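Asker: Sequence:
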Amino acid sequence: MARETWATRAGFILAAVGSAVGLGNIWRFPFITGQYGGSSFLITYLAFVALIGFPAILVEFVIGRRTDRNPVGALRELGSGVWSSAGWLFVVTGFIILSYYSVVAGWFLRYTLIGITEGFTVADPAAADALYESVSTGLDTLLFHAMFMLLVVGIIAAGVRRGIELSVKVMVPAILVLLVGLAAYGFTLDGASAAYAYYLSPDFATIAANWTEILPAAAGQAFFTLSLGMGVMITYASYLGEDRNLAADAGIIAALDTLVAVLVGFVVFPVLFSIGVEPGAGGPRTIFVSLTAAFAGIPGGRILGVVFFGMVGIAALSSAISILEVLVSYLIDEVGVARVPASAALGAAVFLLGVPVTIDSIFLGLYDGLADGILLVLGSLLLALFVGWVIPDVGREELRKGIADGAGLDAVWIWAVRVPILIVVVVVLYLGVVDYVGFLTGDFAGWLAAR
Numbered sequence: 310m311a312r313e314t315w316a317t318r319a320g321f322i323l324a325a326v327g328s329a330v331g332l333g334n335i336w337r338f339p340f341i342t343g344q345y346g347g348s349s350f351l352i353t354y355l356a357f358v359a360l361i362g363f364p365a366i367l368v369e370f371v372i373g374r375r376t377d378r379n380p381v382g383a384l385r386e387l388g389s390g391v392w393s394s395a396g397w398l399f400v401v402t403g404f405i406i407l408s409y410y411s412v413v414a415g416w417f418l419r420y421t422l423i424g425i426t427e428g429f430t431v432a433d434p435a436a437a438d439a440l441y442e443s444v445s446t447g448l449d450t451l452l453f454h455a456m457f458m459l460l461v462v463g464i465i466a467a468g469v470r471r472g473i474e475l476s477v478k479v480m481v482p483a484i485l486v487l488l489v490g491l492a493a494y495g496f497t498l499d500g501a502s503a504a505y506a507y508y509l510s511p512d513f514a515t516i517a518a519n520w521t522e523i524l525p526a527a528a529g530q531a532f533f534t535l536s537l538g539m540g541v542m543i544t545y546a547s548y549l550g551e552d553r554n555l556a557a558d559a560g561i562i563a564a565l566d567t568l569v570a571v572l573v574g575f576v577v578f579p580v581l582f583s584i585g586v587e588p589g590a591g592g593p594r595t596i597f598v599s600l601t602a603a604f605a606g607i608p609g610g611r612i613l614g615v616v617f618f619g620m621v622g623i624a625a626l627s628s629a630i631s632i633l634e635v636l637v638s639y640l641i642d643e644v645g646v647a648r649v650p651a652s653a654a655l656g657a658a659v660f661l662l663g664v665p666v667t668i669d670s671i672f673l674g675l676y677d678g679l680a681d682g683i684l685l686v687l688g689s690l691l692l693a694l695f696v697g698w699v700i701p702d703v704g705r706e707e708l709r710k711g712i713a714d715g716a717g718l719d720a721v722w723i724w725a726v727r728v729p730i731l732i733v734v735v736v737v738l739y740l741g742v743v744d745y746v747g748f749l750t751g752d753f754a755g756w757l758a759a760r
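So the sequence shown is numbered by the numbering used here: it starts at 310 and just counts up by one.
There may be inaccurate statements among the hints.
As a list, the in silico DMTMM-like pairs of lysine to aspartate or glutamate whose alpha-carbon atoms are at most 25 angstroms apart [as the list claims (entries may be wrong)]:
hint, residue 1, residue 2
1, Lys710, Asp377
2, Lys710, Glu551
3, Lys478, Asp558
4, Lys478, Asp552
5, Lys478, Asp377
6, Lys710, Asp512
7, Lys710, Asp552
8, Lys710, Asp499
9, Lys478, Glu551
Hints are computed from structural coordinates only; laboratory data are not their basis.
Here the structure is a predicted model, which is why all the values come from computation and not from measurement.
Could you put the whole structure together from the sequences, leaning on the hints where they help?
Answerer: The following block contains the structure:
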């Protein structure tokens with residue numbers, strides 16, 4: 310069957326940005342930033358995006374466009390031996406991430422509905438925490454998980470142009486407009502000045518004292534928000550023509566993704582500081598517990614809450630479709646399954662894998678720690694090794710296509726992939742494994758012992 314392509318350059322860029330701009334930027338970024346020192350984390354994260362994220366995007370782009378295949382087929386075509394099977398890592402990673410991603414996205418849909426029907430009236434943090442507990446697990450959580458996956462399956466089943474491209478041309482601009490409006494509102498709150506000082510004044514002593522925690526957290530966040538290490542950018546680039554300037558497109562994608570992350574901080578932190586809540590204190594609950602309590606006590610909080618939670622739901626959808634597309638493209642390219650049945654079957658399988666997360670939130674830590682702390686970084690490490698040392702000439706040749714005046718860019722890029730990216734990713738992977746083992750022997754072991 311004929312392989313689909315993007316109709317326009319804007320469609321491709323918005324799809325890639327939509328993949329990057331999701332729960333990683335809006336749900337995960339605020340509490341991770343709060344946990345690791347605010348501005349100290351922010352500056353480390355920005356450095357990772359510029360120095361590691363941008364070259365890593367190009368690694369996935371050159372593989373995808375060169376082969377016109379999904380990650381499994383792409384590495385099988387370009388590699389031999391163990392490399393021909395390495396693409397399976399990206400399928401597994403995407404499968405795990407989407408399973409819990411969908412559950413969390415369902416939380417945002419439910420909070421949006423609560424805001425519309427009841428309003429945000431729970432000002433007491435303890436009561437807000439109880440509301441979160443009722444939303445994050447149970448039968449209703451399962452139903453919203455199913456509802457979200459149906460939306461994702463419907464868009465992917467419609468195809469690259471009529472499904473993905475058409476939807477992101479609406480969703481991504483809407484996200485940006487809503488974020489700018491919310492950030493402007495945050496500027497008017499009483500806690501804004503203290504929030505900006507916390508968010509924008511880096512303490513390098515904090516970075517030096519806590520680098521073993523900040524470094525892997527910042528790297529994992531950069532990989533997660535840029536959709537690296539799960540094959541999304543390989544898949545999206547496989548629908549590109551050879552006249553595209555990959556470096557320019559990667560720069561735009563990384564810049565827009567980073568802009569969204571920074572804007573989220575200008576929304577969330579002023580709200581938290583306005584009610585005296587310590588950023589990051591609630592971990593993954595921060596967005597739900599702290600902001601729900603804040604929306605109950607600030608002017609226009611109900612409207613603000615509905616807009617915010619609804620916007621995050623849109624962002625989650627734009628990212629989720631990219632992950633499912635990786636899985637669906639495998640069945641289409643390698644097995645010959647038609648798009649509609651492939652979308653339905655994989656959507657159902659992802660839904661089933663996510664069911665444990667709707668039963669107990671310990672599975673969110675189990676899935677996220679494995680996928681974000683280990684598999685995403687491992688995927689990026691393998692791709693950097695493969696392009697930097699196994700097929701460097703292929704990578705450089707592919708990068709030069711579509712670049713009119715880029716003399717020497719391919720050489721600088723390939724050495725960035727070969728040395729600094731590899732060093733950083735190896736260190737981050739080691740720290741991520743240590744952290745995950747700590748979770749397994751600590752929180753998860755305690756949970757099992759209590760059963």
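Asker: A separate judgement is required for each hint: does it hold in the structure or not?
Answerer: Hints, one by one, checked against the model:
1. Lys710 x Asp377: 15 angstroms, holds
2. Lys710 x Glu551: Cα-Cα ~6 angstroms, so holds.
3. Lys478 x Asp558: Between Lys478 and Asp558 the Cα gap is close to 16 angstroms, so the pair holds against 25 angstroms.
4. Lys478 x Asp552: 22 angstroms, holds
5. Lys478 x Asp377: 23 angstroms, holds
6. Lys710 x Asp512: Distance ~42 angstroms between Lys710 and Asp512 Cα, so the pair is violated.
7. Lys710 x Asp552: It holds: about 6 angstroms lies between the C-alpha atoms, which stays within 25 angstroms.
8. Lys710 x Asp499: 52 angstroms, violated
9. Lys478 x Glu551: The hint holds at about 23 angstroms.
This entry does not satisfy hints 6, 8, going by the numbered hints stated previously.
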